[in-house]
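2 protein chains.
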Amino acid sequence: MKVLVTGGAAFIGSQVVERLLMRGHKVVVYDNLSTGQMGFLPPAGSSAWASIQFAQADLLDLPRLKEAMQGVDFVYHLAANADVRFGTNHPSRDLEQNTIGTFNVLEAMRSAGCRKIAFSSTGSIYGECKVIPTPEDSPFPVQTSLYGASKLAGEGLISAYCEGFGFQSWIFRFVSILGERYTHGHVFDFYKQLLANPNELKVLGDGRQKKSYLYVGDCMNAIETAIEKADDKVNIFNLGTEEFIQVTDSIGFICDCLGVKPKIQYGGGERGWIGDNPFIFLDTKKIRGLGWKPELTIKEGVFATLNFLRKNQAVLSRTEDRAIPAQPSSKAASEGASGSAFF
Amino acid sequence: MKVLVTGGAAFIGSQVVERLLMRGHKVVVYDNLSTGQMGFLPPAGSSAWASIQFAQADLLDLPRLKEAMQGVDFVYHLAANADVRFGTNHPSRDLEQNTIGTFNVLEAMRSAGCRKIAFSSTGSIYGECKVIPTPEDSPFPVQTSLYGASKLAGEGLISAYCEGFGFQSWIFRFVSILGERYTHGHVFDFYKQLLANPNELKVLGDGRQKKSYLYVGDCMNAIETAIEKADDKVNIFNLGTEEFIQVTDSIGFICDCLGVKPKIQYGGGERGWIGDNPFIFLDTKKIRGLGWKPELTIKEGVFATLNFLRKNQAVLSRTEDRAIPAQPSSKAASEGASGSAFF
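Note that the protein sequences, when read in sequence, are chains A and B.
So for the first sequence, the numbering used here puts the first residue at 750; every next one is plus one.
So for the second sequence, the numbering used here puts the first residue at 750; every next one is plus one.
Just so you know, these hints were derived from the structure itself, not from any lab.
If you're wondering where the values come from, they're calculated on a predicted model, not measured in any experiment.
Hints are not guaranteed to be accurate.
The list makes no distinction among identical chains, and a pair is therefore deemed to hold if it is satisfied within one copy or across any two copies.
Claimed, not checked - 30 Å max Cα-Cα, derived DSS-like pairs, lysine-lysine:
| id | residue 1 | residue 2 |
| --- | --- | --- |
| 1 | Lys879 | Lys865 |
| 2 | Lys1035 | Lys1010 |
| 3 | Lys1035 | Lys879 |
| 4 | Lys982 | Lys959 |
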């Protein structure tokens, strides 16, 4: 099968690519390398690389996307602006990269006659849902972030294409994903801070935000399970663990792992930033009903992440508000690759 | 107060404009005249016209929108592509006119320091909800039309701006609205067909689709009530009657009113078109809880609509797939105006 993966050189996308290659598929990696890294893909010239067609391009470049879509049987649409926290600094970015980007993927698929799509949505689309753990059919949510709004719009478009154009979709509402190749989020931020100064840690909010996390390998297993076993027109699954932790727990894991005891300064307030949801915990009965369950606890996921960061410190050169340089250095590339084979 | 109304020269928007003028406000009418008509506004040179600032422009023209937004205190964002049925013929139209259009309205407001917005959403965003009558907090819906998806995206953006930028919003999920200045929908289509040939009527689907309708004057009362009495950050209201009718009932009303007995040809199938919802009936307890109730029954609303169409046959020159000419003829304009004063 020929499969196109948008965001295929980034954290989660590159894991999907790796798994697809393992399964013997041909893979089109479509990535603008804004956060993706060539080092997350098999080395050029390797036998795995021979099964990859790489397009360094943006989702907003529809002609290029249509060209890349030729002969594709299935799309994993994972490319997105995922900087939830900085949404209000640049409101058009979520609209462009996530909503219009998703529309372009669907239009390119329609033009190429491809009709099957898996999509990375987010638990953020539940806003501040009162029902916790939050199931897929929770009460109609009110959006609290531009990121959530843009992913909701993406889900809506995909569902409408399923009804209107005979598409079939698998929509995954992720909690935060952790693990190898993780390049943004609180574990990343805390690790980076503590590396620069092991004696001090600045934390957004009061540290009592409760969130759930999922290890990326478990995420891959869940996606494979859902696509294999669920066959509705629109298949929607929450993906997460049956645990949640407080930010302070997470800090404890990180400090234990690094052997540091920093003085912690809390920014204060229930939320880390505008639109932050102080309690994210998804009901995952539906995906568990298909026989999947996570293999790593949140704590183990945090440790796997720290282990990756320790071995791949070049990824830390990324600034907070989205900017791994578009072309990673060859050092980053080779080190990035060292964190790969974990399936 | 200075109020901007997008789509202010069209069916519902022009009714809002009329009411705002009655209340003594200054009104900026922003309309691209794709379905709007100058004849739906007070005549140029009249005293009412002196309170209007008219901008013939599209929502996609952000600089123009920002310019029109200067000094505005409140926005009624009613402009939209409302051709639910023909969405799949031109998938980008809903995205552009409804989703990106709404984003532009919000950005123009932000740049002008205006933070209050009323928005016309739709019962279509509930998809094929199993809970009927459908309340505002029904289970998380799956979209079935590009129109519904685009309005859901608009709601999401508005809610995110409320959280992120301190906006306040009133979001109205309409059933189909009927009444004076109605220029599209099934009553329009049936009337037009029967005028051309009173002996035959072609009906999409099996005629058993069950839908709810609301008279536009009642819709205006509901909007005024909600904005006056509801003061949350995001205020969401279903607007509809406590009745629904079958398409066949509606045909009966129309035939009675016109005194015709056509042979009816049904297209067949549960749905009139792809993405059509065979049963739309909204729970309106929330808006009723504020003291509002509709004054006209659905049947009376259909009669008011037919009465308007009879007196304003120029509006029938519109083709089905959206196209009142961008510049209505002066005949259409003057006749359109005759259907106005009904408040």
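Evaluation of the provided hints:
no. : hint               : result
1   : Lys879 to Lys865   : between (33 Å within a copy, 26 Å between copies)
2   : Lys1035 to Lys1010 : neither (40 Å within a copy, 53 Å between copies)
3   : Lys1035 to Lys879  : both (19 Å within a copy, 19 Å between copies)
4   : Lys982 to Lys959   : between (33 Å within a copy, 24 Å between copies)
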